[in-house]
Every structure is written in structure tokens, then in C-alpha cells.
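Take any residue in the sequence shown, count from 1 to its spot, add 363: that is its number in my numbering.
The set of hints was computed from the structure by calculation and includes no laboratory data.
Remember, it's a predicted structure, so these values are computed and weren't measured experimentally.
The reader is advised that the hints may include incorrect statements.
To be verified - Simulated restraints, written as ranges between beta carbons of each label pair: (1) I377 / R477: 33 to 43 Å; (2) K372 / V449: 21 to 31 Å; (3) D512 / F369: 30 to 40 Å; (4) E496 / G435: 20 to 30 Å; (5) P418 / D492: 37 to 47 Å; (6) A515 / H379: 31 to 41 Å; (7) G378 / V446: 26 to 36 Å; (8) P418 / D395: 31 to 41 Å.
We put the CB at the ideal spot given by N, CA and C, even for glycine.
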Amino acid sequence: MATPDFILKLREKIGHETLWIPGARAVVFDDDGRILLGQRADNGQWGLITGILEPGEEPAPGLLREIQEETGVVAVAERLVSVDSVGPVTYPNGDVCHFLTLVFRCRHVSGAARVNDDESLAVGWFRPDEFPELTPGHLESIRRASDPDGAAHFVR
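Kindly produce the complete structure, drawing on both the sequences and the hints.
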């Protein structure tokens, strides 16, 4: 996974200390009710399409950019599903991150799902009974996004 330049510059100053990073996660549905998943190149795990937002980047457009860059799929964001704090995550090199993750329900507009960069080993559309092993957090995002009109979830 390519680490964004702005994070590399911060790491030069703070080393492995905890970074608070804004990120986004997509639950992309196609017209058949399937969900877009990707298998990460860095750890082999399957999951929803996610990305780190660049400084000043609006969350929904930033996530739509990530979806297209990683999978070749063009999508639209339909609604905010949840606002979550994820982490801390410690990487093999010792870097520690805590993520503010905005989860969006998205809809496929065009494009065939394919590996479109070096961040994924595989991508595809899956029905819930066909899901590969997913983390509990990704399964919860899918559950919350399944209601097209649901209210955004956040800890009160």
C-alpha cells in the first residue's frame, strides 16, 4: 500500500507515534444487491473499499476517487452510514494510527470491477451468502448500510 506523502512527511517528524487519520469506507451496492469487496495486497484480507483522505479533501468525493482508483468502478454516494473511531492499528514497521472513519452507502453507476492498482490482489461483487471472511467492523458497516434510508450511526 502506498502511504500518502503527507503521512510520510509527518512520520519524519513524529516517528512511530500515534497519528489521527481521516478515512472513508464504502459499502457499494450494484443493481443486483451485491456488494463490492477487495482483497488487500498488503495483508491478503478481504474487505470493503477504504481510503485515507488527503488534507482538505471532501469525504464523499475522496471515497469515490478511491473506489475508482482501486477497482475501476464509478459510484455515487447515497448517504452517510456511520462515523466511527477505528484503532489503534499498529503496523509491522511500528507505526501507530487511529482512524476517524466515515462510512458511506454507495451505488454502482458504471465500470466493471477489476484490480485497478497495486493496492488489491482481487476485487469483485458478492452476495452476503458468498462473502469471504470479513472483519466484524466491515460486517457491521454492511449491516448498517443495508437499509437505504437508515439514519447515520454514531456513538452518542
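Status of each hint after checking the structure:
The hint said 33 to 43 Å for the Cβ distance between I377 and R477, and at roughly 37 Å that hint holds. Judged by the Cβ atoms, the range 21 to 31 Å given for K372 and V449 holds: they are separated by roughly 23 Å. Checked against the given bound of 30 to 40 Å, the beta carbons of D512 and F369, roughly 36 Å apart, stay inside it. Distance hint for E496 and G435: a CB-CB separation of about 24 Å, consistent with the stated range 20 to 30 Å.
A hinted range of 37 to 47 Å for the beta carbons of P418 and D492 is consistent with their spacing of about 40 Å. For A515 and H379, the Cβ-Cβ distance of about 33 Å falls inside the hinted range of 31 to 41 Å, so the restraint holds. The beta-carbon spacing between G378 and V446, approximately 29 Å, falls within the hinted interval of 26 to 36 Å. Distance hint check for P418 and D395: the Cβ-Cβ separation is about 37 Å, which falls inside the suggested range of 31 to 41 Å.
In the structure shown, no violation is registered for any of the earlier numbered hints.
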